[in-house]
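Line by line, the protein sequences give chains L and V. First residue of the first sequence: 11, per this note's numbering; consecutive thereafter. First residue of the second sequence: 643, per this note's numbering; consecutive thereafter.
Where hints are given, some of them may not hold.
Cut-off 25 Å, straight-line C-alpha distance, at most; resulting in silico cross-link-like pairs (DSS-like, lysine-lysine) [as the list claims (entries may be wrong)]:
id, chain 1, residue 1, chain 2, residue 2
1, V, Lys1186, V, Lys1466
2, V, Lys1210, V, Lys1186
3, L, Lys347, V, Lys1210
4, V, Lys1340, L, Lys347
5, V, Lys1337, L, Lys347
6, L, Lys70, L, Lys93
7, V, Lys1216, L, Lys347
8, L, Lys74, L, Lys93
9, L, Lys347, L, Lys74
10, V, Lys1353, V, Lys1415
11, V, Lys738, V, Lys1186
12, V, Lys1186, V, Lys1216
Computed Cβ-Cβ distance ranges for the label pairs, DEER-style [stated by the list, open to error]:
id, chain 1, residue 1, chain 2, residue 2, range
13, L, Gln272, V, Arg1177, 54 to 60 Å
14, L, Pro422, V, Thr918, 42 to 48 Å
15, V, Asp906, L, Gln272, 34 to 40 Å
16, V, Asp762, L, Thr250, 42 to 48 Å
17, L, Pro190, V, Asp762, 44 to 50 Å
18, V, Met766, L, Arg243, 30 to 36 Å
19, L, Lys444, V, Glu712, 40 to 46 Å
20, V, Ala777, L, Arg243, 30 to 36 Å
Since the hints were derived computationally from the structure, they do not count as laboratory data. Heads up, the beta-carbon is just placed ideally off N, CA and C, and yes, glycines get one too.
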Amino acid sequence: MIVTKKAISRRTILRGMGATVALPLLDAMIPPLTAAANTPAKPVRRLGVVYHPNGVIYDKWLPKGVGADFELSPTLAGLQPFKDKLIVVTNLYMDLAEALGDGGGDHSRACGGYLSGVHVKKSDTVVEAGISMDQIAARAFEGETQLSSLQLQMDDNSLVGSCDVGYSCAYSSTISWLTPTLPLMTENNPRVVFERLFGASDSTDPKVRAARLRQDRSILDSVTDRVKQLQRRLGAADNTRVNDYLTSLRDVERRIQKAEEQSAKEVPDVERPAGIPESFDEHARLLYDLQLLAYQSDMTRVITFMYGREQSPRTYPQIGVPEPHHPVTHHQNDPVKMEKCTAIQRYHLKLFTDYLEKLQNTPDGDGSLLDHMIIQYGAAISNSDRHTHGPLPTLLVGGGGTLKGGRHLVYPVHTPLTNLQLTLLNLLGVPTEKIGDSTGQFKELSEVGV
Amino acid sequence: MHPRWLRCDSLQILPVFSVVAPYQRGASPPSVRRRDLHHGLLAQTATTTAPATTPARQLVNTYCVSCHNERVKTANLMLDKVDADRVSNSANEWEKVVVKLRSRAMPPPGARRPDNETYDKVAMWLETELDRAAAAHVNPGRPAALHRLNRAEYANAVRDLLGVEVEPRMMLPPDEQAHGFDTNADALSIQPALLDRYLSAAAKITRLAVGDPTIPPGFERYTALKDNSNESTWFSQNERIGEEFPLGSRGGIVARHYFPVDGDYVFKVRMDRTDTGLIRGLSARNDIEIRVDGARVGQLTIGGTPEFTGANTNSIENPDYAASRNPLMTADSGLEVRAPVKAGMRQVIATLVKTDNLETEGLALNGTPIWSREHTTKPNNPAMISSLLIGGPYGARVSQTSPGRERIYVCHPASSREETACATKILSTLARRAYRRTPTNDDIQTLVGFYQAARAGGDFDAGIRAGVERVLVSPDFLLRIEADPAGVAPGTAYNLSDVELASRLSFFLWSSIPDDELLDTAVRGKLHEPSVLEREVRRMLSDKRARTSLVQNFFEEWLQTRNIWLIKPDLNQKFPWFDDNLRVAFAKEIELFLDAQLKEDRSIVDLLTSNQTFLNEQLARHYGVSGVYGSHFRPVTLTDENRFGLLGKAAVLSVTSYSTRTAPTIRGKYLLENILAAPPPAPPANVPALEESSKDGKPRSVRDMLEVHRKNPACASCHARMDPLGLSLESFDAIGQWRTTDAGTPINASGVLLDGTRVDGPAALRRALVTQKEQFVRTVTGKLLTYAIGRGLEYDDAPAIRGIARAAAADDDKWSSTILALVKSAPFRMRRAGS
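Please construct the entire structure, taking both the sequences and the accompanying hints into account.
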């Protein structure tokens, strides 16, 4: 059954309620997606990664106490309602993000290797990192959803010149790598995200949508034929780009095929966002809403979201930090600057907590969406002033019975961050033996005790 | 401490000896290094005994090999071993030597150097030898066979193909960039998300261009600043803000919007708010006008009513007042008008009517308008428009005369029997333009197939739309394809076909597809003829598209002035008067300046020396220029020599600075890379931050901070070149204002050039750079070539660059002559076959 477009537009609701600010997309307009709600419970097969740039003030971040008996820190205090669903994982490091003879560029190395645990190649032309953990999961799930993954972020990451001494902007602008040489671009425009999820046809009429998919499919078939002709005509040396092209075509084709199979599925009746909202707050909430929508309608199982690219200079006047973020994080132990850093981290967490609340309130099978997904929240830099790559601030949320929440797990110092990612992949049902510098799995995530 | 030893070593800190280098100042060097040095000296003795047959051998033996030899391997350059008789056998090494000689970057400061005459004589000899050898064995290089259009090129191509202007940022993701430009074929990757976007862009663009009465209404948002983001902005709207705006207006938004069909459209206005979400300026009545192509289509009013002027405004400013009922938060929700608009590209303006009693925030003592951050919290400041939403269409009717249809429909079928023939004609015409060649039968059959399939389920327009969509996602449109022709021996150079040359030309000069005249000439096989090629280049340069695309794509990337939109001057303490109007003015000035340089076909050197610029009142005040009033930009002849040319432009000075202070190192590096063609090596590991204050807590000037930094020998070897260059611009602060003190210390803008010449201040720096203008011309030529051919340059491109510069020098280094010589050069007209 398709809810008609006519129903109630977002604008109407806004006006009806007499509010013009930051009304989250979802509060009133998402129809019950019965298909999802009727699905019997399955193992957790959804992964989210939320990344924030420029490190933390670690002693304000680190909880007191260990194991089940711990107290949320001043920075994390807002997560109190979800304390029993979260695990703080302490003493994880990215030792391979250290210089190792490559000089400056800690921001790029940290972000570039965050989900792969490799030491990225220092280059502002030919990039090389590792396949990121989200993409390993995406590969495993890709047959099941239309989009294998989504990469979202708040910043528009076009930037001229190398972003960091000798490092391509790719390293600091995305955490998702499809292959070691193919960083995935991120999207910050809610309108574009919406169109990727629900098509540009802007119609909920099943006939129109089906016709659109047929048209896309025949275009892709015809383009594939033409690219294969080119492949035959060009020498082996030129074929890398052709192969990228064919791989991409297959990926899009699979999405369309999936969409055709699922064409009976309901499309949420929400108006296309007009673009990037005017406030950071509204923008972040909208991108979180779209993530929820994507999980709920099972368009994808894997999403990475960045509050900004590494070294982001965004200002946050709305919370009393009119200075650019990155310079403030080089606080040189000035307590005023440090407090501003903490304020930004608390603000990011506040938006995140509101997202968790919505996930919690969204029914999914025998529980809530939050029960059926795992979210990793964290950063690739610990002490922002000194660019340290550990102990990294790292949280896990959700996971229903798969993760045993309400605990603070403390590992020996210099435990690789990749051990956590390796464990998560296996918990998600993606058997994996090693990622980057990983040395083994954590058995404690799903068990009690440390 | 052995001075000669220190000299070699300080050059080789990167990257191999970076760990060792810091030991050397003051301490006795590790013994192993002493031995190395010893061998180095022996090597020098040994080589000098060989007959020094060529000027190059003589020079390097005298000045270079004591460090650059097989044993010491400084910078991995071993000049004792290279062939100095047939220099082309070691062209890679000798080209490095040429750069060092021409830029006077070597020998290092303090070491014995040749005199100027020797420098130039030997460099000239080497260049002559290298160029002669290169002419005998042309190596034009090999740009990638598949070269994807970047998003600016895509949008321009769509405009020239279909007559529709689209905002590329809304359609496609940003492109990666390599070797300084996003025209680099290797950086323009293809990935699934991008193909998805091409598919949806094609569908949307086709609908706009052909028109579609069933097009569903949707909204586009335009914001006061170009970048359409929600980064905090301080854009003052107290004055008329541009030529496009009506007289007597203040602030507002101008948008170029494509209306796909005739119909009704809705224009909504959203007002600017404080950080807590209160609309400001409501205590007074504000009149807002909406204009489409200059004609007023609606008037709106907000504020001045009792609810905002009454005694209870204090309570509604109270943050606890329920948001949903607070008129200060919701008063703009009904600000909209609906009006009929004819299909086509239109300029839409939303602006405020200026009143006499507008309370502005006044001027500071020095006359600078203060846009204090006060406005972020105070709702009483003047009202501003923050965004304009254009929605529609409602009651759509397809217009037969929209620019899109006029461009696409080269015929109109009079009866259903004529339809297929007409569709074939329409689609072949499009394919020829889009694919930049004569379409094959296959190409046409494919498109007609799409037409027929869609025509079967819809009308003629639906069929055409399907064909146009297929064109827009075709690899033949999205990729520039240069495949080796059959029969060319592997690894050899061949001439591009005329048709390939036409695409290289149009993407270089227009960032777009060839027009019919260029393509016709190429298809007739005439384009390679020198006189025809020259005529076409001159014709293309006289088209405004050439200037627009070179300014926006070449210059903005080369000079990094695109970053103007990203700089974040410290508004709290250092630069409270910086606002986005000033940011826009920085961008506008450099754009107009560069455009005029091209339009007037000036000498390349004028980029450094020109006393002409374009200012409005705010920027004139910023520069200390008097007698300029109002918001519009006009040509101004500068009298202060320090402001002449690129190095006096706030755009350049601010993108090479930090948010709170200047960065002489960045400015020095910028000069080395972009003016002098002598880029410094990458910085070593573990660079310590500058110490902003001394031990006793006293703040240091930037010059003092860097001096402390340079005491570290690992830092000194590069900083000794960058900093003194950059320090000569210290009279300009981080946003390009003239200043006389820094941290309470009088500005010392003395600097040292690579050859040891001392200069004092920006004007002296510029004069010194002009004495080496050949270096500058070569730098610009190299950048232009990198941009034009879409690949990074190699040492064997140097002869071509010199050839271009020589040809242009005969005509006063004019832009047209440089571009013409570039177009005729081997790297542009030829390609090396794969091996």
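| message | For a quick check of understanding: which of the numbered hints are violated here, in increasing order? | response | Hints 2, 10, 11, 12 and 18 are the ones this structure does not satisfy, whereas the remaining hints hold.
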